[in-house]
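*Asks:* Listed below are the residues making up each chain.
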Amino acid sequence: MTRSGERDGGERDRPGRTSRRPADWARALESHQTVACHAWGSFRRDAENWGRDLMPFGNFCDESQRDCGSKPGVARYELPWEIDAQDGNPDGVVARRRKRDTTPLGLKTDGTATQGSSFLAQWDTCVQQSYLFQPVYPTGRATLGWTTQSLWDCRTANGSGVRLLLALPSGCCPVAASLAVFVAALFCQFAVGAAAQELSSTTPPQKFSLRWTSDPSDASKVFVEVSGLSAATLKQLDRSNTKPHFWSQLLAVYPEQEDVIADIGLPSMLGTYRVQSGALRFEPQFPLEPGLGYRAIFHLDQLPGGHGVRSPPISSVFKAPPRRSNPSTVVSQIYPSAARLPENLLKFYVHFSVPMSRGHIYEHIHLRDAAGKDVELPFLEIDEELWNPDMTRLTLFIDPGRIKRGVRPLEEVGPALEAGKRFTLVIDSTWLDGAGSPLRESFQKTFEVGPPDRDPPDPAQWKIQPPKAETRGALTLIFPEPMDHALAQRVICVTSATGELLAGATALEDQERRWTFTPARPWRHGAYQLVIQTTIEDLAGNNIGKPFEVDLVGPVQRRLANPSVKLPFEVH
Amino acid sequence: MKPITHQILVPLLSLLVAGATARAADWTAGMKEGKPTLKSMGPLAFGPDGILFVADTKGAAVVAIATGDTTPAAGDKPFKVEGINQKIAGLLGTSADQILINDLAVNPISRNAYLAISRGRGPSAIPVLVRVKTDGQPEVVELDRVKFSSGELPDAPIDGVVGQENRQSNPRQESITDLAFFQDRVLIAGLSNEEFASTFRAIPFPFKTVANGTSVEIFHGSHGKFETRAPVRTFVPFKVGNEPTLLAAYTCTPLVEIPLTDLKPGAKIKGKTIAELGNRNRPLDMIVYKKDGKDFLLLANSSRGVMKISTDQIQHSESITAPVKEERKGLPYETIAGWTGIEQLDTLDPKHALVVRHGEGTSLNLESFDLP
Chain A
210 MTRSGERDGG
220 ERDRPGRTSR
230 RPADWARALE
240 SHQTVACHAW
250 GSFRRDAENW
260 GRDLMPFGNF
270 CDESQRDCGS
280 KPGVARYELP
290 WEIDAQDGNP
300 DGVVARRRKR
310 DTTPLGLKTD
320 GTATQGSSFL
330 AQWDTCVQQS
340 YLFQPVYPTG
350 RATLGWTTQS
360 LWDCRTANGS
370 GVRLLLALPS
380 GCCPVAASLA
390 VFVAALFCQF
400 AVGAAAQELS
410 STTPPQKFSL
420 RWTSDPSDAS
430 KVFVEVSGLS
440 AATLKQLDRS
450 NTKPHFWSQL
460 LAVYPEQEDV
470 IADIGLPSML
480 GTYRVQSGAL
490 RFEPQFPLEP
500 GLGYRAIFHL
510 DQLPGGHGVR
520 SPPISSVFKA
530 PPRRSNPSTV
540 VSQIYPSAAR
550 LPENLLKFYV
560 HFSVPMSRGH
570 IYEHIHLRDA
580 AGKDVELPFL
590 EIDEELWNPD
600 MTRLTLFIDP
610 GRIKRGVRPL
620 EEVGPALEAG
630 KRFTLVIDST
640 WLDGAGSPLR
650 ESFQKTFEVG
660 PPDRDPPDPA
670 QWKIQPPKAE
680 TRGALTLIFP
690 EPMDHALAQR
700 VICVTSATGE
710 LLAGATALED
720 QERRWTFTPA
730 RPWRHGAYQL
740 VIQTTIEDLA
750 GNNIGKPFEV
760 DLVGPVQRRL
770 ANPSVKLPFE
780 VH
Chain E
6 MKPITHQILV
16 PLLSLLVAGA
26 TARAADWTAG
36 MKEGKPTLKS
46 MGPLAFGPDG
56 ILFVADTKGA
66 AVVAIATGDT
76 TPAAGDKPFK
86 VEGINQKIAG
96 LLGTSADQIL
106 INDLAVNPIS
116 RNAYLAISRG
126 RGPSAIPVLV
136 RVKTDGQPEV
146 VELDRVKFSS
156 GELPDAPIDG
166 VVGQENRQSN
176 PRQESITDLA
186 FFQDRVLIAG
196 LSNEEFASTF
206 RAIPFPFKTV
216 ANGTSVEIFH
226 GSHGKFETRA
236 PVRTFVPFKV
246 GNEPTLLAAY
256 TCTPLVEIPL
266 TDLKPGAKIK
276 GKTIAELGNR
286 NRPLDMIVYK
296 KDGKDFLLLA
306 NSSRGVMKIS
316 TDQIQHSESI
326 TAPVKEERKG
336 LPYETIAGWT
346 GIEQLDTLDP
356 KHALVVRHGE
366 GTSLNLESFD
376 LP
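Chains A and E supply the protein sequences, listed in that same order.
Plus 209 on top of the position in the first sequence (first one is 1) and you've got our numbering.
Plus 5 on top of the position in the second sequence (first one is 1) and you've got our numbering.
Bear in mind the hints are in silico, worked out from the structure with no lab data behind them.
Check the hints yourself; a few may be wrong.
No more than 16 Å apart at the CA atoms, straight line, and that leaves these computed lysine to aspartate or glutamate pairs for EDC-like [as the list claims (entries may be wrong)]:
(1) 755/A / 232/E
(2) 63/E / 599/A
(3) 85/E / 140/E
(4) 672/A / 719/A
From chain E, some residues computed to sit far from chain A (all C-beta separations above 12 Å) [what the hints assert, rightly or not]:
(5) 53
(6) 108
(7) 115
(8) 209
(9) 221
(10) 244
(11) 266
(12) 269
(13) 282
(14) 285
(15) 298
(16) 343
(17) 354
All residues carry an ideal CB built from backbone N, CA and C; glycine is no exception.
Bound-form chain A, shown alone:
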């Protein structure tokens, strides 16, 4: 009966985040609704004939001119609707802006439930808005009904009224007052926790219950249970060795998706089906997404022996408790930390206080000139994104095409950074952390740009300040220029004269120009050495013995054959 194998979850166990809160899950489970709903509208058409984009009943616009200044607004549009496709697939209504509107959707809806009464719209401008109200029914015959009126009031965030006009059959207002109200018989039956249906006239009435419940040992491990099935039915199900398709037709679970704007035939969730404790149980393969709604649909007519029975499905909706959205994540540091950076700066390291989320990250990062204008495509944008393993540090390379002399982007567009000017690196607060919360605040680093640095670091110019013997004083290495933060932390070590690695703690300070090492045990009198891999970089990516760009026609560059250099020092 396994539709697919179980697998370990762990999505919620993110380091540095609030752990599972069983009470929230238990509360959510108590309040979930089971709904059996019939709704017969005034017309009936095959889904295919309705067209994909414009629903005749659901195209309306907001043509009012509001004065919300430059502030974003929010409106709750009241528009009751009913839908029952009776096809075993998730139904619902999705609102979205019209196709020609290229601004982000910014809409939240009541999702894919069987009924609803409102959706929340947000806008960031004061232009006239127009929305589509579109049903979602993957396949088959759908029946729609609604009860509404021609004019709707809603409220903006600042409290001023907004009038919505509803128009038929398509196009925008203003001829909306004459909206025909198609109300047919609505027979809705709501029940919390249970819905009773009669399987057929030849079968004794059975009481079925579809509910979401949880593992007693882990409240966040949620599953769906159908009880009330007869022993004979359960036995048949238990013996069933059918294809996954059978199970998903009998009992399917769908996550709510707001932005589905067409009939695309969404599949049901993967999970495991089994008969257990006198009930049919579905256990999702993946952990539920906090804040997301899930709808389970049980089709009685798909039960063994239930074919031909006209009986509406039973639905049960569960809203997974949201994460506590209390933004606290911040950009903790950006390296290089200096306020003056070379024109051919190679990279930034952006450190965050907790693990972040990946995907489309460059939308949240801006390099702005002194006038506040965005520098065009200053960074190397790669889909893989350059994170450290725990995703608390992002490496942001300046586009090498804007640094390397002789390549087309530099010659045509110019460098990303220009000497003598000021720039600001901006990290938007809209960037979500690994738990889905935005940053507490945006972050800015303003810096001046100096001339390009094309000289490789020269260890002969570095100063060593040895500690005193029989102490745990810090060994200090001073660079005449800032070094790359990550590499300076990683590629410098201290050994005894015979090459044994010393244990201790390192630090990089003074705008990455002072490296210190505090040993775990006191220094002894004698000789030691600093070992530095030549891959260490300055801020422009120059290595020891090798600049970022080797000038092939200029003076011969000094090259080091060894992968490391050793700087001896004495402790007295």
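Mind docking chain E on chain A? Use the hints.
*Replies:* Leaving out everything else, chain E in the frame of chain A:
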């Protein structure tokens, strides 16, 4: 990222490394049955016999999985799957914004599309391999019990010591930006999150228990004057004349040609610039294909659409060594109209390409196009 097309691969297989064809029947040698450990799932590439190579950046390895998907495709039915990200989200029980499609690879035998998916965006994101057949319904490829083997990246970042006493996981990580199978080797382009490295690797396949791959540094020579390290963003193996070659796009945008015979341990390789693809642009993916007896390169870009480049002139093209002033320089190309919003690209069959492209709203579509 992409396997070279069958028509090109076959003659290539007869070249170069002796013994490759002798071993061809035993590609699963050394594989074990079980569940491969995949910490992440990045670029994909198909090899012979339905073997799928999966790049695991977090695990610093490439995993070869015998998919068993070796039934030849019947027909050339087109793909048109709208909202593939939303469908996958439904299957995996989450919202579409929690689905990242990291790569697309088509099994050249079965014509089935494979997608490397991240379920979630944070550090605990779950890697999932999804297969889509022409019926458009995605299905999860169960990896609990498959034949697989793993190849470690040569010179890969390892957990090391930071600050000598402050033992913690090494923050250095090398993203695998592209992957391809060629003859008896897996070719890997990577980019470090610390050094501006230019490492390009080749690992013999079947994988050995001890890492024995080749790691070379690749450089870019600009105007015959400057020389810089040059990480490869995307590449494809291709035969230029009789010489197997890498056509590669650098992170600094030029399209270059690198003879594969140069991939020797410790070698320092300088690619020959054969085209400048323009500024404000980044190459995303490339494939090669044959049409009317001629070979073409198809290159998807972030802002300059999909370019069709005739490869006829590659063999005789001069390296671009002078400053480029013209809009187009080097190999001529044409931009294919209608192929917009492409995020992923692979060869579906000899007549079609398969792409992941932006659809309406936030949806992504999986669609086939006639090869131009």
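*Asks:* Evaluate the condition: distance from the CB of residue 285/E to the nearest CB of chain A exceeds 12 Å.
*Replies:* violated, 6 Å
*Asks:* Hey, does residue 298/E actually stay past 12 Å from chain A on C-beta?
*Replies:* holds, 33 Å
*Asks:* Residue 672/A and residue 719/A were given as a pair; does the straight-line alpha-carbon distance stay at or below 16 Å?
*Replies:* Holds, at about 14 Å.
*Asks:* Would the hint linking residue 63/E and residue 599/A be met if the CA-CA limit is 16 Å?
*Replies:* Measuring from Cα to Cα gives roughly 10 Å; hence the hint holds.
*Asks:* Regarding the assertion that residue 115/E does not contact chain A, is the least Cβ-Cβ distance greater than 12 Å?
*Replies:* holds, 20 Å
*Asks:* For a C-alpha distance cap of 16 Å, please report whether residue 85/E and residue 140/E respect it.
*Replies:* With a Cα-Cα distance of about 9 Å, the restraint between residue 85/E and residue 140/E holds, given a limit of 16 Å.
*Asks:* Residue 354/E clear of chain A by more than 12 Å, beta carbon to beta carbon?
*Replies:* holds, 24 Å
*Asks:* So is residue 266/E really clear of chain A, every C-beta pair being over 12 Å apart?
*Replies:* holds, 24 Å
*Asks:* Just double-check residue 244/E for me: nearest Cβ-Cβ distance to chain A has to come out over 12 Å.
*Replies:* holds, 27 Å
*Asks:* Going by Cβ atoms, does residue 209/E stay more than 12 Å from chain A at every point?
*Replies:* Residue 209/E clear of chain A: closest Cβ-Cβ about 25 Å, beyond 12 Å.
*Asks:* Against chain A, does residue 108/E hold up as non-interface, every C-beta pair farther apart than 12 Å?
*Replies:* Contrary to the label, residue 108/E does not stay out of reach of chain A, its closest Cβ about 9 Å off (not over 12 Å).
*Asks:* For residue 269/E, which was marked as not at the interface, is the minimum beta-carbon distance to chain A over 12 Å?
*Replies:* holds, 19 Å
Consistency with the previously given hints fails for numbers 6, 13, 14, ordered from lowest to highest.
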